[in-house]
Each structure stands twice: as C-alpha cells, then as structure tokens.
Amino acid sequence: MFLRALNVWIASFSKFRALRTPATQLITLSVHKYSTVQRAIKIVGGFDMPGQGKAQQHKGKGREPQRKKQKAKEKSKAEGGADEVVELDVKNLLENNRRKSEENGEKHTDAETSVSVVHEGKKDSPFPETEVTVSELSSTGEGLALSPNGDHVYVVPFALPGETARVRIYKTIKPKSYSLTDLVEVLKPSKQRDDSLIKCQYFGKCSGCQLQMIPYQDQLQHKKRIIEKAYANFSGLLPELIPAIGDTMGSPMQYGYRTKLTPHFTQPARNRRQEHGSDAPEIPPIGFMMKGRRKVMDIEDCPLGTDIVRSGLKNERKRVAENLHQYPYGGTLLVRESTKRVERNKENEALPSTDKVIRTTFPEYVEEKTYITDQNGISVEYVEDYQFHNIAGTFFQNNNSILPSFTGYVRDNALHPEPKPDATPAESAAAAKSNPKLKYLLDAYCGSGLFTIVLSGTFRSSLGIDVAASSIKCARENAKLSNVPNTGFAAADAAALFKDVPYPADQTLLVIDPPRKGCDTNFLNQLLAYGPTRVLYVSCNVHTQARDVGVLVEGKNGVRYDIESIRGFDFFPQTSHVESVAVLTKAIETKEE
Numbered sequence: 001m002f003l004r005a006l007n008v009w010i011a012s013f014s015k016f017r018a019l020r021t022p023a024t025q026l027i028t029l030s031v032h033k034y035s036t037v038q039r040a041i042k043i044v045g046g047f048d049m050p051g052q053g054k055a056q057q058h059k060g061k062g063r064e065p066q067r068k069k070q071k072a073k074e075k076s077k078a079e080g081g082a083d084e085v086v087e088l089d090v091k092n093l094l095e096n097n098r099r100k101s102e103e104n105g106e107k108h109t110d111a112e113t114s115v116s117v118v119h120e121g122k123k124d125s126p127f128p129e130t131e132v133t134v135s136e137l138s139s140t141g142e143g144l145a146l147s148p149n150g151d152h153v154y155v156v157p158f159a160l161p162g163e164t165a166r167v168r169i170y171k172t173i174k175p176k177s178y179s180l181t182d183l184v185e186v187l188k189p190s191k192q193r194d195d196s197l198i199k200c201q202y203f204g205k206c207s208g209c210q211l212q213m214i215p216y217q218d219q220l221q222h223k224k225r226i227i228e229k230a231y232a233n234f235s236g237l238l239p240e241l242i243p244a245i246g247d248t249m250g251s252p253m254q255y256g257y258r259t260k261l262t263p264h265f266t267q268p269a270r271n272r273r274q275e276h277g278s279d280a281p282e283i284p285p286i287g288f289m290m291k292g293r294r295k296v297m298d299i300e301d302c303p304l305g306t307d308i309v310r311s312g313l314k315n316e317r318k319r320v321a322e323n324l325h326q327y328p329y330g331g332t333l334l335v336r337e338s339t340k341r342v343e344r345n346k347e348n349e350a351l352p353s354t355d356k357v358i359r360t361t362f363p364e365y366v367e368e369k370t371y372i373t374d375q376n377g378i379s380v381e382y383v384e385d386y387q388f389h390n391i392a393g394t395f396f397q398n399n400n401s402i403l404p405s406f407t408g409y410v411r412d413n414a415l416h417p418e419p420k421p422d423a424t425p426a427e428s429a430a431a432a433k434s435n436p437k438l439k440y441l442l443d444a445y446c447g448s449g450l451f452t453i454v455l456s457g458t459f460r461s462s463l464g465i466d467v468a469a470s471s472i473k474c475a476r477e478n479a480k481l482s483n484v485p486n487t488g489f490a491a492a493d494a495a496a497l498f499k500d501v502p503y504p505a506d507q508t509l510l511v512i513d514p515p516r517k518g519c520d521t522n523f524l525n526q527l528l529a530y531g532p533t534r535v536l537y538v539s540c541n542v543h544t545q546a547r548d549v550g551v552l553v554e555g556k557n558g559v560r561y562d563i564e565s566i567r568g569f570d571f572f573p574q575t576s577h578v579e580s581v582a583v584l585t586k587a588i589e590t591k592e593e
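Each residue of the sequence shown is one higher than the last, beginning at 1 in the numbering used here.
Hints are computed from structural coordinates only; laboratory data are not their basis.
Warning: the hint list may mix true and false statements.
Unchecked claim - Between beta-carbon pairs, the in silico distance windows are: (1) Glu343 - Lys437: 39 to 45 Å; (2) Ser405 - Asp195: 47 to 53 Å; (3) Asp562 - Pro268: 52 to 58 Å; (4) Leu241 - Val342: 50 to 56 Å; (5) Arg516 - Pro239: 22 to 28 Å; (6) Glu95 - Leu237: 18 to 24 Å; (7) Lys556 - Glu240: 19 to 25 Å; (8) Ala490 - Asn315: 27 to 33 Å; (9) Gly256 - Glu95: 53 to 59 Å.
All figures in this text were calculated on a predicted structure; none of them were measured in a lab.
In this text, a Cβ means the ideal position worked out from N, Cα and C, and glycines have one as well.
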C-alpha cells in the first residue's frame with residue numbers, strides 16, 4: 001500500500017515539476033521557491049527535514065524520536081506558541097463571520113465542503129492553487145483569508161488585509177478549519193503595501209521578517225493589536241479588568257539594530273561520505289529557515305544586523321566554507337556585537353574603521369564596535385552609562401537602540417503609576433501617593449542583572465535572583481563594573497525562589513522577565529504567597545504574559561493584583577514580535593471564598 005502511494009506521488013512530481021520553479025510576481029514582492037519533493041516525502045514517508053540549530057544525531061531505533069518531537073510540539077502549543085496563536089485567530093475570524101452571517105439569515109456548510117470546493121478541478125495536483133481575499137492580519141504577521149462560503153480560513157504569508165492573492169495550499173488542518181499556503185502572487189495589492197520599504201533581497205522567502213512592506217507606524221499599530229488580542233484570548237479576564245493598551249513604543253532604528261545573529265547549516269550527506277583529500281565538498285546553505293519549509297536558505301547578508309554584525313556574518317560564512325571538515329553534521333554560528341569605549345584623543349580619532357572594527361567618535365569618548373564569534377567569548381554592552389559583560393549563554397536584549405527608552409519606562413513605573421498625559425500636577429501627586437513607599441527591588445529571572453543594576457539607584461537595596469549560576473556570576477561582575485552599591489545577586493532553586501528573600505513584601509517591587517514560556521504554576525503560587533506590593537512583568541511573549549497576568553488578577557488565598565497598565569515595545573521591527581510591560585499593583589486583600 002505504501003509503495004503504491006509512493007509511486008503515485010512520484011508520478012505527480014514529474015508532471016508538476018514546474019511547481020519547483022519561482023512563482024511569477026505581479027508586484028515586486030519576492031516569494032520563495034517551492035519544493036514539491038520535500039513536502040511530498042514528508043507527507044508519504046514521514047520524513048522530517050533538518051530543523052534549526054546544530055545537527056543532532058538520534059540514538060535508538062523505531063519511532064521514539066518522532067514521539068518525543070510531537071510531545072515537545074504539543075508542550076510549546078500550550079505555552080502561547082505560534083500554532084496556538086494562529087488557531088485562535090482563525091477561530092475568532094470564523095466565529096465572527098458566522099455570527100454576521102446568521103444575523104443576515106445566511107446558511108453555512110461544513111468546513112470539509114469548503115476545502116473540497118477549492119480543490120475542484122485540480123484533483124491531480126498534490127498542491128492546488130486558489131484565489132483568496134485577505135480579511136485580516138494574524139498575530140504572527142500572516143494574512144487570514146476566508147473561503148467563499150466562510151467556513152474555512154487560508155493562512156497566507158506576506159499578504160495584507162484587502163489584498164487579492166493567488167496561493168498554493170500545502171497543508172490543511174480540517175479539525176481546525178484552516179489551511180497553510182504559500183503566496184504565489186499578489187493580484188490586487190492593498191493601499192497599505194509599500195514595496196519600496198523592503199530592504200532585504202530575501203524578504204518573502206526567509207522566515208525571519210513578516211512586515212517589511214508595511215509603513216513603520218502601521219507596524220506599531222499592528223503590534224498594539226497583537227497585545228489586545230493576547231489579553232482577550234489568553235488571560236481569561238473580563239474586558240473591564242483589562243486597561244486600554246498603551247501605544248507601542250517604537251525602535252529608534254528599524255534596520256541595523258540586531259546585535260546578534262545565529263545563522264546555521266546542515267552538512268549534506270554527500271560531504272560526510274567523502275574521504276579526506278577527495279573532491280571539494282559541497283558548500284551547504286548557511287543562513288535561516290525558509291518560510292513554510294523545514295529547510296535552511298542561504299543568507300549572505302541580513303539588514304537587520306548592525307554594521308559590524310553584518311561584517312562578521314560575511315567573514316564567518318567564508319571561514320566556515322573553508323573549514324567544512326570541522327563540522328561533520330553542521331552547526332549554528334554565533335555572531336555578537338561587542339562595544340569598547342576608549343579615551344577620545346587625536347590618535348584614537350585618527351584610527352580608521354575596518355571590516356573587524358567600526359569606530360565612532362562621541363564628545364566624551366571613541367566607541368569601537370567589534371564582533372565576537374567565540375562561543376566562550378564575552379561581549380560588552382552599554383545601557384545608559386552602565387556596562388554589561390555577557391557570556392554566550394546569558395540572555396541580553398538584541399536591540400540596544402531602544403534599551404535606554406525601555407529601561408527608562410521601567411524606572412518611571414517602578415515606584416508609582418505613570419501619570420495620565422493630561423493629568424494636572426495635583427493628580428500626578430495623588431497618583432504618586434496611592435502606593436506605599438517602596439524601598440526594595442527584587443529582580444527574578446535577573447539574567448546578567450539588567451534591571452537590578454539600572455534600577456539600583458531608585459531603591460535602598462536591590463536583589464537579583466536566577467536559577468542559572470552562570471548568569472549570577474555575570475550579574476555580580478557587572479555590578480562591580482558599574483560600581484553599583486547596595487546590590488546583591490543569588491542563585492536560587494526554582495522551587496523556592498522567594499523562600500529566603502530578606503525584604504518585607506509590602507515595601508518591595510518585584511520585576512520578572514521570564515523566558516518565552518512564561519512563569520510556571522509553582523512560580524506564580526510562590527509570588528502570590530509572598531505578595532509584593534508592586535509587580536512589573538516584562539515579557540518577550542505577550543501571550544504567556546497575558547496568561548500569567550490572568551492568574552495574578554484572579555489571585556489565591558486572598559491575594560490578588562490589579563492591572564495598572566500594559567504597553568508594548570518594538571525590539572524587533574519588520575517582524576511580528578512585540579515585547580510587553582505589564583504593571584500590576586496588589587489589591588486590597590479579601591477573604592477567600
């Protein structure tokens with residue numbers, strides 16, 4: 001049975017070889033080549049293409065690795081992953097459309113009928129094409145288009161609301177009533193589209209960016225909407241408990257802002273079979289994942305990177321190509337920016353920039369930017385006048401152009417509510433007195449100490465805690481470098497993070513900046529048991545933030561929180577990613593029902 005199905009697919013490959021050529025374009029938007037063979041092999045044979053990161057060798061027999069991958073995928077979906085976010089957007093679009101149709105007295109067919117109508121006339125094609133009109137933009141930056149009868153949704157990358165496009169369907173998830181597609185061409189562009197804004201030759205192929213064709217102010221508006229939908233879909237809170245979302249703070253730099261890039265590659269099997277001294281090995285693609293395909297595409301340059309990081313990427317690609325024998329299965333490269341401030345004098349000012357160091361003269365110093373590729377190397381960053389040393393495994397924000405505004409916002413909201421824009425001096429003073437005087441800062445998930453150090457001057461004493469001992473080591477060194485007083489750091493067990501905190505809860509501000517998966521139940525229970533007066537929740541995944549904030553607002557054992565404000569920060573322009581800061585204040589304690 002399997003061989004028969006395989007022969008059918010092979011016959012289809014020969015007939016539809018044209019599907020592997022680049023799609024035609026009506027406008028200047030680039031769309032990626034489509035690999036029929038890879039998709040079909042995955043569907044028929046269960047073959048999994050190499051993923052992102054270093055190549056790993058699976059041990060053992062049978063299908064155990066596949067089951068483990070499936071479990072990992074299910075776990076990520078339960079943590080505000082991209083699939084879950086898209087499915088909720090699809091569900092809401094279908095429900096809203098159904099409600100409108102019922103109000104107009106229209107009838108609906110089921111989702112399977114919708115899909116069969118689209119496939120009609122193309123039954124001999126493994127990947128049919130159809131024409132769609134995009135209704136809205138999802139939180140992942142993809143267009144969502146309704147089927148003609150309104151019971152199915154097509155997820156269309158690089159497409160905008162109001163656009164008519166031709167798409168190629170490569171996967172249908174019938175239980176969820178949606179299909180994943182590739183954009184073939186835009187037939188009728190939206191007025192919002194401005195392809196002159198696109199600065200990357202790989203846009204429309206690479207999965208890294210989604211929004212380069214949109215004016216920047218529109219990107220910020222879209223990211224505000226992402227946060228609004230996240231709290232509506234994930235928090236479980238009534239609308240009246242969620243304040244109006246603030247305007248997204250933009251990045252001073254929309255390109256050239258990333259201080260770290262991690263391209264990767266997988267060695268072709270042909271290279272691994274070659275004997276030493278045989279023909280020159282095939283140079284594999286070195287770059288990032290293609291959109292909609294589990295395949296690395298070759299990226300020679302990324303305009304999101306800073307100038308020195310882009311130079312480092314170019315040099316690293318050349319080095320790897322000349323030393324492929326050192327990477328038997330492939331690997332992930334690490335290119336980081338590092339900054340050094342030196343005395344301003346005639347000698348330093350006269351030094352030229354090169355492909356390995358970029359020099360910029362400021363009134364007080366000369367700044368030297370270099371790149372680091374050593375996995376054990378230490379990069380140096382400056383935030384305001386604070387200096388931070390970071391090892392490769394320690395998290396630090398990748399856009400330093402927005403960091404001063406970001407940390408300034410956190411500082412301004414640390415002690416008291418942010419005054420309304422039209423507040424009178426009396427109203428601002430009243431707002432400042434609405435909370436008890438906070439004297440202590442507790443920084444959970446402190447990493448290399450960013451918030452502990454930057455906010456240290458605001459508090460009598462500050463303590464950063466983290467489960468990673470390597471991060472605590474970096475944080476302690478950074479506090480010494482900036483000569484920060486009354487600041488300490490401690491490696492703590494995740495099961496008892498708040499057990500030995502020396503600060504009284506009613507005088508403490510808690511800052512939390514967890515990884516994308518957010519806070520686990522154990523951490524949230526500890527937080528509620530400790531009950532700090534004020535909480536600033538910084539998040540790189542607004543969906544898990546909304547989920548966790550919902551838990552804190554609901555409360556436990558008479559302790560709960562009110563949401564004071566929520567605002568997004570655009571650390572990653574041209575992408576659908578948005579960071580968020582939620583400010584919470586402890587509510588008046590009530591008896592548990």
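Violations among the numbered hints: Hints 2, 8, 9 are the ones this structure does not satisfy, whereas the remaining hints hold.
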